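Asker: Sequence:
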Amino acid sequence: MSFVNIISAIGNNNSVYPLLVRDCGVENPIKIALTYKQNIGESPKVARYAVRERSIDEYSTSAVWLGTVPAVEYCADKFISKKGYSPLISARLFKEDTVKNPVQGIEFNIKKFGNSASKEVQDAVADLVKAKENRKAFENLMSGKFVAAVAIPMALIGFIIPKCIFAMSRKISEKEKTQAKNEYSDIFGKSDITTFGQKKNVAFTGFASTVANLTTPDKMAAIDGGYAIGRVLTARPGYEPFDIGFKMAGMLYLNYVAPKQLEKLFDFTSGKLFKSNVNLDPKLLNNKEFVDDVKNKRFDFLEKMNGRQMLEYIDNNPSSRFTKYASMFKKVTMLTDEYRDPRVFVDLKELETFGKNIFSFAKDGLSAPNLEKFAKKALWVKSFNIISNVVLSSFLLAYALPKTQFALRELFTGSKLEPGLANIDDKKAAIKV
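Just so you know, the sequence shown maps onto residues 196 to 628 in our numbering.
In short, the hints are calculated from the structure, not lab data.
Note that the structure is a prediction, hence the values are computed from the model and not measured.
Heads up, the beta-carbon is just placed ideally off N, CA and C, and yes, glycines get one too.
Some hints here could point you the wrong way.
Said to hold, decoys possible - PhoX-like cross-link-like pairs, simulated, lysine-lysine; straight-line CA separation at most 25 Å:
1) K327 <-> K306
2) K519 <-> K572
3) K490 <-> K558
4) K327 <-> K273
5) K366 <-> K611
6) K314 <-> K278
7) K295 <-> K499
8) K455 <-> K467
9) K459 <-> K571
10) K572 <-> K467
11) K470 <-> K490
12) K525 <-> K478
13) K358 <-> K442
14) K519 <-> K467
15) K544 <-> K455
16) K232 <-> K598
17) K240 <-> K499
18) K598 <-> K455
19) K307 <-> K325
20) K551 <-> K519
21) K295 <-> K306
22) K290 <-> K325
23) K611 <-> K598
24) K525 <-> K307
25) K571 <-> K551
26) K499 <-> K525
Unchecked claim - Label pairs and their computed distance ranges (CB to CB):
27) T373 <-> K331: 54 to 62 Å
28) S276 <-> F463: 39 to 47 Å
29) T548 <-> E268: 21 to 29 Å
30) F496 <-> K358: 52 to 60 Å
31) S276 <-> L460: 37 to 45 Å
32) K499 <-> K358: 57 to 65 Å
33) C270 <-> K366: 56 to 64 Å
34) K327 <-> Y254: 40 to 48 Å
35) R493 <-> K232: 51 to 59 Å
36) L603 <-> F496: 54 to 62 Å
37) I251 <-> E498: 51 to 59 Å
38) T528 <-> R247: 41 to 49 Å
39) P432 <-> L603: 17 to 25 Å
Take these sequences, add in the hints, and give me the full structure.
Answerer: Below, the structure is given as structure tokens:
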């Protein structure tokens, strides 16, 4: 993968790649190191336990996040296909366009693409017809897919993993006590380690109808939201629920909200400072064919179009350059060279933003003294913005958030130790007594 492709991937805040870079590459190792440093001064034993818990927690959570969601969806798609339905059909198509000149919807797409001579398109239309005629059964299958994709990782990350980690710490502690011939057996109680098992599970009643049409970013946020609730509910008694709650709230904000805010800030600021247009993806800015298309004024028609008109243009001009780039960046899904896939819902707002950004770049680029230099400058400024965003958001997640969490912990408890492990050091407990 080229440098530009890597920058493009980690710059897409609607994908999992920025999360992967921040979590596994930056955040996890730094947070583990900070956890050790925070606890070692007061208790080497608690530091040892805390680092073990944090290491297992962070990387097992990342593994579940990266592996469980695609695995569950893959299995669900296989099951849906065996039932005779196409998992490619978007449930959002059932909400028909109600404007005067509709551009999509399951009824509309069946009529629009039904006369196509393409076998691929006819098969896709047949899929739509079967889903329409068996709407309830199809929607139940799709809802079940989304529920499983959300609920399974949510249960693993929010409830099962922390319970297993707490049980591991309890078992290790008990083993160490036995080996020490019960030297401090009357000092360390089991309540702080064992009571997590008494927490109640979260019910997912009515969740299917809520998540059936969620986008990928919505689903990611829903999983992490449930994960946060689960971690608070399974926290050990005392200050730990607040400690974890603060951390999880900060993580949700810094993972899903802050990067998009920073992206807008960096792009706006750099655009003013460097007189550059940086709203396009680096892969497009680095595409020589795209620059040639701009030079040949092939995007002037986009100026006065909205998303609906752009989709109509794509359907009427499947071989156009705009169609090619819209397909390249997954704003539309082309089934053949002549037809888009009628089973796939098109987000008209995203398509319109994409088209307007192309026109805006073309307008500014053609006004510049040299279009090629303008595009190259935009590429490097955009790349710098993406790297800066990843570095700053990673710093906030990996360093600023834990430091703030530790400061609040010490303020409220008077101790730097992990609140769920504070009583695990028998020697310190004996001194206090």
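Asker: Hints the structure violates: just list their numbers, smallest first.
Answerer: Failing hints, ascending: 14, 17, 33.
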